[in-house]
Amino acid sequence: MEKRVIFKGWLLPLLLLMPQVIITAVFFFYPAGQAIWQSLFIPDPFGLKSQFVGLGNFEFLLGDPYYRASFVTTAIFSGLVTIFSMGIALYLALLADRLIKGAGTYRTLLIWPYAVAPAVAGVLWLFMFNTRVGVVSWYLGLLGYDWNHVLNQTEAMGLVVAASSWGRISYNFLFFLAGLQAIPRSVIEAAAIDGARFWTRFRTIVWPLLSPTTFFLLVVNVVYAFFETFGVIHTITGGGPQQATTILVYKVYSDGFVGQDLGSSAAQSVILLLVVGLLTVIQFKFIERRVHY
Amino acid sequence: MATLKLNSVKKRFGKTEVIHGVDIDIAEGEFIVIVGPSGCGKSTLLRMVAGLETVTAGDIEISGKRVNDLEPMDRDIAMVFQNYALYPHMSVYENISYGLRIAGVAKDEIARRVATAANMLQLDAHLKRKPRELSGGQRQRVAMGRAIVRKPSVFLFDEPLSNLDAKLRVQMRLEIKALQKELGITSLYVTHDQVEAMTLADRMIVMHDGVADQIGAPLDVYANPATQFVAGFIGSPATNFVPATSLATPRSGCATVGVRPEHARIVHSGNGHATGIVTFSEALGAETLIHLALPSGEQFTVRQEGSMPGRNPGEHCGIDWPPASEIHFDAAGQRVTAR
Ligand SMILES: Nc1ncnc2c1ncn2[C@@H]1O[C@H](COP(=O)(O)OP(=O)(O)OP(=O)(O)O)[C@@H](O)[C@H]1O
Ligand SMILES: [Mg+2]
Numbered sequence: 001m002e003k004r005v006i007f008k009g010w011l012l013p014l015l016l017l018m019p020q021v022i023i024t025a026v027f028f029f030y031p032a033g034q035a036i037w038q039s040l041f042i043p044d045p046f047g048l049k050s051q052f053v054g055l056g057n058f059e060f061l062l063g064d065p066y067y068r069a070s071f072v073t074t075a076i077f078s079g080l081v082t083i084f085s086m087g088i089a090l091y092l093a094l095l096a097d098r099l100i101k102g103a104g105t106y107r108t109l110l111i112w113p114y115a116v117a118p119a120v121a122g123v124l125w126l127f128m129f130n131t132r133v134g135v136v137s138w139y140l141g142l143l144g145y146d147w148n149h150v151l152n153q154t155e156a157m158g159l160v161v162a163a164s165s166w167g168r169i170s171y172n173f174l175f176f177l178a179g180l181q182a183i184p185r186s187v188i189e190a191a192a193i194d195g196a197r198f199w200t201r202f203r204t205i206v207w208p209l210l211s212p213t214t215f216f217l218l219v220v221n222v223v224y225a226f227f228e229t230f231g232v233i234h235t236i237t238g239g240g241p242q243q244a245t246t247i248l249v250y251k252v253y254s255d256g257f258v259g260q261d262l263g264s265s266a267a268q269s270v271i272l273l274l275v276v277g278l279l280t281v282i283q284f285k286f287i288e289r290r291v292h293y
Numbered sequence: 294m295a296t297l298k299l300n301s302v303k304k305r306f307g308k309t310e311v312i313h314g315v316d317i318d319i320a321e322g323e324f325i326v327i328v329g330p331s332g333c334g335k336s337t338l339l340r341m342v343a344g345l346e347t348v349t350a351g352d353i354e355i356s357g358k359r360v361n362d363l364e365p366m367d368r369d370i371a372m373v374f375q376n377y378a379l380y381p382h383m384s385v386y387e388n389i390s391y392g393l394r395i396a397g398v399a400k401d402e403i404a405r406r407v408a409t410a411a412n413m414l415q416l417d418a419h420l421k422r423k424p425r426e427l428s429g430g431q432r433q434r435v436a437m438g439r440a441i442v443r444k445p446s447v448f449l450f451d452e453p454l455s456n457l458d459a460k461l462r463v464q465m466r467l468e469i470k471a472l473q474k475e476l477g478i479t480s481l482y483v484t485h486d487q488v489e490a491m492t493l494a495d496r497m498i499v500m501h502d503g504v505a506d507q508i509g510a511p512l513d514v515y516a517n518p519a520t521q522f523v524a525g526f527i528g529s530p531a532t533n534f535v536p537a538t539s540l541a542t543p544r545s546g547c548a549t550v551g552v553r554p555e556h557a558r559i560v561h562s563g564n565g566h567a568t569g570i571v572t573f574s575e576a577l578g579a580e581t582l583i584h585l586a587l588p589s590g591e592q593f594t595v596r597q598e599g600s601m602p603g604r605n606p607g608e609h610c611g612i613d614w615p616p617a618s619e620i621h622f623d624a625a626g627q628r629v630t631a632r
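Going line by line, the protein sequences match chains A and B. Counting from 1, one number per residue, gives the positions in the first sequence under my numbering. Counting from 294, one number per residue, gives the positions in the second sequence under my numbering.
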């Protein structure tokens with residue numbers, strides 16, 4: 001079906017592939033190999049020698065209630081971040097899609113938060129909700145609500161979810177808006193003439209036609225919530241209180257670099273590697289036959 | 294079954310007015326075709342009837358009820374779009390039954406109606422397919438099926454055949470006409486193709502720059518064009534227009550004289566109402582079109598039997614026609630003497 005270029009020798013194709021191969025090797029295979037290798041050892045506290053333990057690190061992790069708790073935390077956290085960031089983005093995109101005047105300005109304004117780095121976003125939200133000087137917590141105090149995410153686990157989770165979703169809404173909004181605008185106007189008009197009102201149209205026409213976009217965003221956002229939210233968590237809660245916001249990536253960091261348990265940390269990276277691998281496979285499987293219609 | 298009435302309907306987009314007041318009165322079961330050049334406002338007019346565009350001024354009435362402020366779904370109409378606008382993720386069956394399912398019609402009733410429509414449109418074998426697996430003509434039929442199963446009181450068509458090849462267009466034209474006669478549903482059909490308009494219409498509306506120049510039965514419009522625009526637009530090859538003063542015996546009381554190509558004939562140089570130099574001739578078999586340049590600069594086309602002698606480029610000829618076949622227009626392009 002697709003056109004293929006047939007090379008006569010092997011030197012040129014090899015050279016053409018080289019940059020990609022080298023980059024992947026240096027930045028992915030080498031560290032991934034290191035992680036796998038390290039996950040089989042327990043180094044002594046001073047890092048002078050390490051002892052081979054086979055799959056011991058993994059066995060320990062799977063039996064560790066803290067690690068299992070972190071899995072649950074991650075699931076809740078990424079689920080909430082994905083739902084909020086995608087739901088709000090879709091809502092805004094639906095509104096913007098009906099907009100005729102000022103659509104450009106509106107879009108530009110909505111895109112700005114995406115330019116804010118997660119760690120900076122974290123600091124912004126931290127200041128707003130700071131238990132002593134935060135604007136929002138002060139107003140909440142006036143309303144008689146005592147905001148304290150430093151002690152309250154639910155509030156801590158809520159805050160990191162909000163901060164992580166916030167920057168993400170712009171990104172999702174862009175994709176949703178593009179997806180909505182790719183739906184031919186006449187199809188929507190035909191449905192209106194056929195008797196479908198706004199919500200019926202959304203349910204039966206818009207949502208199904210948007211599904212490739214939605215699915216793509218779903219995978220991308222889960223991956224984001226898993227990995228790129230490190231900065232937000234680090235700046236706002238540092239994984240606390242009582243590990244209530246310690247997602248898997250944060251635990252890799254805190255066990256490895258704070259707790260100095262490099263073997264366990266490496267084993268956790270390997271598990272994360274498998275999770276990403278799985279997500280990627282799912283994504284490609286669906287994207288390949290993404291046209292559900 | 295319904296009547297459709299437009300009372301001095303106007304449409305403005307921002308500051309530009311594109312429909313300058315159109316009046317139409319359509320009887321029950323009538324097939325009305327709106328024809329006009331690209332950009333004259335045909336689609337806009339149709340979309341206002343459908344409720345897809347707001348009406349700036351005037352009234353639209355369906356069966357005597359003012360519908361200006363009703364949503365499309367409350368107007369009891371069906372529309373066939375130029376690009377068909379099928380739901381790409383639904384099968385043919387689901388496409389056709391969509392409106393019925395939303396209306397909450399019983400399952401077996403839906404199945405019965407879709408089967409009837411599919412049978413009528415020869416779609417039985419394709420009900421399970423998706424639109425992308427259909428040919429252009431089949432998609433067109435699905436769009437028709439979607440319109441007819443709901444038994445609306447008015448059909449609207451926006452150039453439904455313009456994406457089909459010439460042969461299919463002729464076939465579908467006949468099918469649409471037959472279907473409309475069979476169902477007897479009041480229809481408003483938009484096209485820029487005058488042959489389509491002539492063959493389909495009970496009455497046709499010739500639109501020009503947002504104004505309905507003439508409304509009437511196709512042959513009446515052809516024989517008695519109300520304006521110079523209509524005379525030039527309806528009929529192919531187009532009517533010849535000659536300045537009244539440039540004729541052998543200048544006409545008084547009009548600015549331009551229109552002559553249909555089939556009414557004119559070539560005579561010896563010096564005879565007839567006008568003279569011209571042959572620029573080229575097209576022998577089409579049954580007929581021959583001879584194109585001439587008049588001294589005043591106008592082009593003039595004569596249509597004659599294929600068996601008559603041809604003419605060579607550069608030949609000087611006289612052109613003659615029966616005075617009764619002349620159509621007179623004033624300087625503004627309006628018909629002078631209604632006959
Ligand atoms: N949404 C709009 N905003 C501004 N102007 C518009 C809009 N829609 C149509 N117009 C203008 O209104 C005029 C009539 O457009 P319309 O689509 O009705 O023409 P039409 O007769 O259907 O032409 P065609 O045969 O090419 O489809 C055009 O000059 C067009 O530029
Ligand atoms: Mg049009």
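Watch out, some of these pointers could steer you wrong.
Unchecked claim - Cβ-to-Cβ under 7 Å is the rule here; a few derived chain A residues that face chain B:
id	residue
1	P43
2	D44
3	P113
4	A117
5	S170
6	A178
7	L180
8	A182
9	V187
10	E189
It should be emphasised that the hints constitute simulated quantities derived from the structure, not laboratory data. C-beta atoms are modelled at their ideal positions from N, C-alpha and C, and glycine is treated no differently.
Hints and how they fare:
For P43 of chain A, the shortest C-beta to C-beta distance to chain B is roughly 56 Å, which exceeds 7 Å, and the interface hint is violated. Because the beta carbon of D44 of chain A sits about 61 Å from the nearest beta carbon in chain B, more than 7 Å, this interface hint is broken. The closest approach between the C-beta of P113 of chain A and any C-beta of chain B is roughly 32 Å, which is over the 7 Å cut-off, so the hint fails. This hint is violated: A117 of chain A has a C-beta 38 Å from the nearest C-beta of chain B, more than the 7 Å allowed.
Look at S170 of chain A: its Cβ only gets to about 28 Å from chain B, farther than 7 Å, so that hint breaks. For A178 of chain A, the suggested interface contact is broken, since its CB lies about 17 Å from the closest CB of chain B, more than 7 Å. Because the beta carbon of L180 of chain A sits about 15 Å from the nearest beta carbon in chain B, more than 7 Å, this interface hint is broken. Restraint check, A182 of chain A versus chain B: the minimum CB separation of about 11 Å is more than 7 Å; hint violated.
With its C-beta approaching chain B no nearer than about 5 Å, V187 of chain A sits inside the 7 Å limit, and its interface hint holds. For E189 of chain A, the interface hint holds, since its Cβ comes within 7 Å of a Cβ in chain B; the closest pair sits about 5 Å apart.
When each numbered hint is compared with the structure, violations occur for hints 1, 2, 3, 4, 5, 6, 7, 8.
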